[in-house]
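> If you want the building blocks of each chain, they are given just below.
Number of protein chains: 2
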Amino acid sequence: MSKVLIVKGHFLYTRTAEKFTVHKDSFLVAVDGQVEGIYPVLPERFKEKHVQDYGNRLIIPGFVDLHLHAAQFLQCGIGMTKQLLDWLEDYTFDLEKEFRDEDFAKSAYSCFARKLLASGTLRACVFASSSTTGTELLFEILKNTGIGAYVGKVNMDRNAPACITETTEDSLKGTIYLIEKYQNERLVKPIITPRFAPTCSDELLKGLGDIALRYNVPVQSHLSENIDEVQWVQRLFTSAEHYSDVYFKNNLFGQTKTLMAHAIYLSEDEKILALENGPVLVHCPDSNLNVRSGIMPVREYLNRGIKVGLGSDIAGGHKIGLNEAMVRAVQMSKLINLDNDELAPLTLAEVFYMGTKAGGSFFERTGSFEKGYMFDALVVEDEPMVAEKYSVEDRLEKFIYTGDDRNILARYVEGVRLEQ
Amino acid sequence: MSKVLIVKGHFLYTRTAEKFTVHKDSFLVAVDGQVEGIYPVLPERFKEKHVQDYGNRLIIPGFVDLHLHAAQFLQCGIGMTKQLLDWLEDYTFDLEKEFRDEDFAKSAYSCFARKLLASGTLRACVFASSSTTGTELLFEILKNTGIGAYVGKVNMDRNAPACITETTEDSLKGTIYLIEKYQNERLVKPIITPRFAPTCSDELLKGLGDIALRYNVPVQSHLSENIDEVQWVQRLFTSAEHYSDVYFKNNLFGQTKTLMAHAIYLSEDEKILALENGPVLVHCPDSNLNVRSGIMPVREYLNRGIKVGLGSDIAGGHKIGLNEAMVRAVQMSKLINLDNDELAPLTLAEVFYMGTKAGGSFFERTGSFEKGYMFDALVVEDEPMVAEKYSVEDRLEKFIYTGDDRNILARYVEGVRLEQ
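Heads up: the sequence lines are chains A and B, in that order. Numbering follows the working numbering, in which position 242 of the first sequence is assigned residue number 253; successive positions increment by one, without gaps. Numbering follows the working numbering, in which position 265 of the second sequence is assigned residue number 276; successive positions increment by one, without gaps.
For the record, the hints were derived by calculation from the structure and aren't laboratory data. No experiment lies behind these values; they were computed from the predicted model shown. Glycine included, every Cβ here is placed at the ideal spot set by N, Cα and C. Please note that the accuracy of each hint is not assured.
Claimed, not checked - Derived Cβ-Cβ restraints for the label pairs, each shown as a range:
#1 B:Gly383 - A:Glu394: 39 to 49 Å
#2 A:Asp112 - B:Arg417: 48 to 58 Å
#3 B:Arg225 - A:Asp36: 49 to 59 Å
#4 A:Asp181 - B:Leu420: 44 to 54 Å
#5 B:Lys35 - A:Arg169: 35 to 45 Å
#6 B:Arg417 - A:Glu196: 25 to 35 Å
#7 B:Glu214 - A:Glu394: 14 to 24 Å
#8 B:Val33 - A:Glu430: 36 to 46 Å
#9 B:His61 - A:Asp181: 54 to 64 Å
What the hints assert, rightly or not - In silico DSSO-like links for lysine-lysine, alpha-carbon gap of 27 Å or less:
#10 A:Lys126 - B:Lys268
#11 B:Lys108 - B:Lys30
#12 B:Lys93 - B:Lys154
#13 A:Lys35 - B:Lys400
#14 A:Lys14 - A:Lys30
#15 A:Lys260 - A:Lys184
#16 A:Lys400 - B:Lys382
#17 A:Lys400 - A:Lys382
#18 A:Lys217 - A:Lys126
#19 B:Lys154 - A:Lys93
#20 B:Lys318 - A:Lys30
#21 B:Lys268 - A:Lys108
#22 B:Lys108 - A:Lys126
#23 A:Lys400 - B:Lys93
#24 A:Lys400 - B:Lys318
#25 B:Lys268 - B:Lys35
#26 B:Lys217 - A:Lys117
#27 B:Lys117 - A:Lys400
#28 B:Lys268 - A:Lys93
#29 A:Lys93 - B:Lys14
#30 B:Lys58 - B:Lys117
Stated by the list, open to error - Incomplete in silico selection of chain B near chain A, CB under 10 Å:
#31 Leu85
#32 Ala119
#33 Lys192
#34 Arg225
#35 Tyr226
#36 Asn227
#37 Asn351
#38 Leu354
#39 Val397
#40 Glu408
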């Protein structure tokens, strides 16, 4: 027998990036976790069922964070005076090596998972560390939260400290082990995760691309975050046409579904390849500011039809709540617009779409309340004076700009209310 | 008999903008609210006194917010798609008119004051609304919190909706009434507050400058936030040399101590006048992003020796915690640096200095723990795993970047622990 969930409140979501769809004082019916419909009056056939009534509260799709590093969570907001490559050397690699220690990994990942869930991220694409056993722990801890995730063991066989670098063989073996163990999980699944081109030999990249195709597993990595890094990649991979090509020719750039974080300094050829081959580019504005990378030209990419999602990029980014990334994306687009008024600022609907339905498409049918979508939702409670005075659209904007986990009253994934 | 307070913990503050001064595991002694000294070992003469031991926690100066609008607090994070002049018309003025209603003003200001104190701002320079009775309520509510503040009734006699505009005479009369009533208060004092040049007639500006000199009361206003606004001011005040001169020739630009918020588009002459005449320019980076104003060239101003403080600019800015303004100031300075590497990014010490000692200088001897300064302090508690692993400097950086009111365990103003 199918399981019916009926939830009442004000529903707001983005079918398209153009605008919010709003159902005030309505009933959403989910059957076996999937949205069946939203109704102003509850249809007769559900009249006998229990209604979970959230009254005057807002109900929105859960946040989808397409790029963050679980093993860096402790370090959020530390070392923010460094540029990318120095920051990795001086802070990040040092922390990541501790994840070989099981107790440490368990404590740190549990803390991460608690905060991620609390902040309203119900789907996430996560980098763990290069430790296979550490990554296994993260799979288990995320499974316990009830959220959906893609989790990647980080592949590195060069250009990083020895303590977090593996041999090419061990890196591939660990990757296959985790894929075989977790590929049939319902909510927390494996993703192939070369850290970024410079820390991977040609052999490792080729091996990972082969695995991606063989197991039909998605891929995530970093791309063109910083000018020094782009030049380094050119020096390391002299036969590649450009940075994207390093991944592309190894079957790691859209051959299976792919996320590429940052993608700030793409050449014309790379933009065309990104459009044709369809990786999702992940905008992580706080991180790009903090490690002094620059600003992704999001409006240009959207105009071209390139898919763009959002990431907190913990711990290059310092805030785990994806609403913060939405705000910073709007703010940065306003700065770009001040210099070039043909590039319109991003609207709230656009960044909300990026952080829900666009990101959710990586998980298939999540991030919206349209019929057939999984009911992944946040119930948002705001100050009584605000709820009384403002429209539901204004209240949502206020939550995105000023809210935090304290404003989230309930979290649902596939129709199941999660415990915190 | 003098009152002695002894507090133990890790003390961090900025004597200069160059670096943090750190006293780990030390005793701070305050006598009658003023810092007497910080000691690694408690001097014999205090041995009999009670020590308030905060253990492994950080103790830092309270935040000093030099620019925010109490009457806009409810509206934080709403209407963020607008530019300054539209945003004022469509959202802000509409809310401000409600402050003529005493019950509304009481509720809204109480909510504001609670959040301000919670967020760690212990000194603030606040715009109320044009309502004299509403402003009187804000004085009383802020007095009850125990924080220090300058509070200004907003002066406007033109170019704003009738419901929040007064006659020149009423605007001046209300200002004098509040000055005479509150000028001898210890912690919450009056400040003259022409909203900005365009909403004030020549007569009103002249009258306010006269009052400033007569009562020796400080001044706060807005300056050069936006290019449209600068052009408007030029059209309105044809005899003024530039925007700053509108205030200067009316004795509202440094003749008594003065705050000017934003100051983004200053001409060379204005920068020279700002340096010579010594108003504090208040950097409000979130607001400047949200209402699409631009970025204050902070490094350039600091290089010239111009005084710069920080403001949340609620509700152009959306975050009331001043640590958020510190972070955004660093982030924006990094963007400027990407375009011009002669303008070095602001360091954490520099923005912390701006938000504590530089801002505190407006209140005299607050914002630092040097001998003779008022003991205005926040006790900061962080995650046990973070406290265990990182240096006190790293922990402070993490609090600034990721912390909120939940991390503030105690608040002291002039040696008195405040109740929340």
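> Taking the hints in turn, state whether each one holds.
These are the hints, each one checked on the structure:
{"no.": "1", "hint": "B:Gly383 - A:Glu394: 39 to 49 Å", "verdict": "holds, 40 Å"}
{"no.": "2", "hint": "A:Asp112 - B:Arg417: 48 to 58 Å", "verdict": "violated, 29 Å"}
{"no.": "3", "hint": "B:Arg225 - A:Asp36: 49 to 59 Å", "verdict": "holds, 57 Å"}
{"no.": "4", "hint": "A:Asp181 - B:Leu420: 44 to 54 Å", "verdict": "holds, 46 Å"}
{"no.": "5", "hint": "B:Lys35 - A:Arg169: 35 to 45 Å", "verdict": "holds, 40 Å"}
{"no.": "6", "hint": "B:Arg417 - A:Glu196: 25 to 35 Å", "verdict": "holds, 34 Å"}
{"no.": "7", "hint": "B:Glu214 - A:Glu394: 14 to 24 Å", "verdict": "violated, 40 Å"}
{"no.": "8", "hint": "B:Val33 - A:Glu430: 36 to 46 Å", "verdict": "holds, 41 Å"}
{"no.": "9", "hint": "B:His61 - A:Asp181: 54 to 64 Å", "verdict": "holds, 59 Å"}
{"no.": "10", "hint": "A:Lys126 - B:Lys268", "verdict": "violated, 44 Å"}
{"no.": "11", "hint": "B:Lys108 - B:Lys30", "verdict": "violated, 44 Å"}
{"no.": "12", "hint": "B:Lys93 - B:Lys154", "verdict": "violated, 34 Å"}
{"no.": "13", "hint": "A:Lys35 - B:Lys400", "verdict": "violated, 48 Å"}
{"no.": "14", "hint": "A:Lys14 - A:Lys30", "verdict": "violated, 31 Å"}
{"no.": "15", "hint": "A:Lys260 - A:Lys184", "verdict": "holds, 21 Å"}
{"no.": "16", "hint": "A:Lys400 - B:Lys382", "verdict": "violated, 48 Å"}
{"no.": "17", "hint": "A:Lys400 - A:Lys382", "verdict": "violated, 31 Å"}
{"no.": "18", "hint": "A:Lys217 - A:Lys126", "verdict": "violated, 35 Å"}
{"no.": "19", "hint": "B:Lys154 - A:Lys93", "verdict": "violated, 42 Å"}
{"no.": "20", "hint": "B:Lys318 - A:Lys30", "verdict": "violated, 43 Å"}
{"no.": "21", "hint": "B:Lys268 - A:Lys108", "verdict": "violated, 53 Å"}
{"no.": "22", "hint": "B:Lys108 - A:Lys126", "verdict": "violated, 40 Å"}
{"no.": "23", "hint": "A:Lys400 - B:Lys93", "verdict": "holds, 20 Å"}
{"no.": "24", "hint": "A:Lys400 - B:Lys318", "verdict": "violated, 39 Å"}
{"no.": "25", "hint": "B:Lys268 - B:Lys35", "verdict": "violated, 36 Å"}
{"no.": "26", "hint": "B:Lys217 - A:Lys117", "verdict": "violated, 67 Å"}
{"no.": "27", "hint": "B:Lys117 - A:Lys400", "verdict": "holds, 16 Å"}
{"no.": "28", "hint": "B:Lys268 - A:Lys93", "verdict": "violated, 37 Å"}
{"no.": "29", "hint": "A:Lys93 - B:Lys14", "verdict": "violated, 45 Å"}
{"no.": "30", "hint": "B:Lys58 - B:Lys117", "verdict": "violated, 46 Å"}
{"no.": "31", "hint": "Leu85", "verdict": "holds, 6 Å"}
{"no.": "32", "hint": "Ala119", "verdict": "holds, 7 Å"}
{"no.": "33", "hint": "Lys192", "verdict": "violated, 28 Å"}
{"no.": "34", "hint": "Arg225", "verdict": "violated, 39 Å"}
{"no.": "35", "hint": "Tyr226", "verdict": "violated, 35 Å"}
{"no.": "36", "hint": "Asn227", "verdict": "violated, 37 Å"}
{"no.": "37", "hint": "Asn351", "verdict": "violated, 13 Å"}
{"no.": "38", "hint": "Leu354", "verdict": "violated, 13 Å"}
{"no.": "39", "hint": "Val397", "verdict": "holds, 6 Å"}
{"no.": "40", "hint": "Glu408", "verdict": "holds, 5 Å"}
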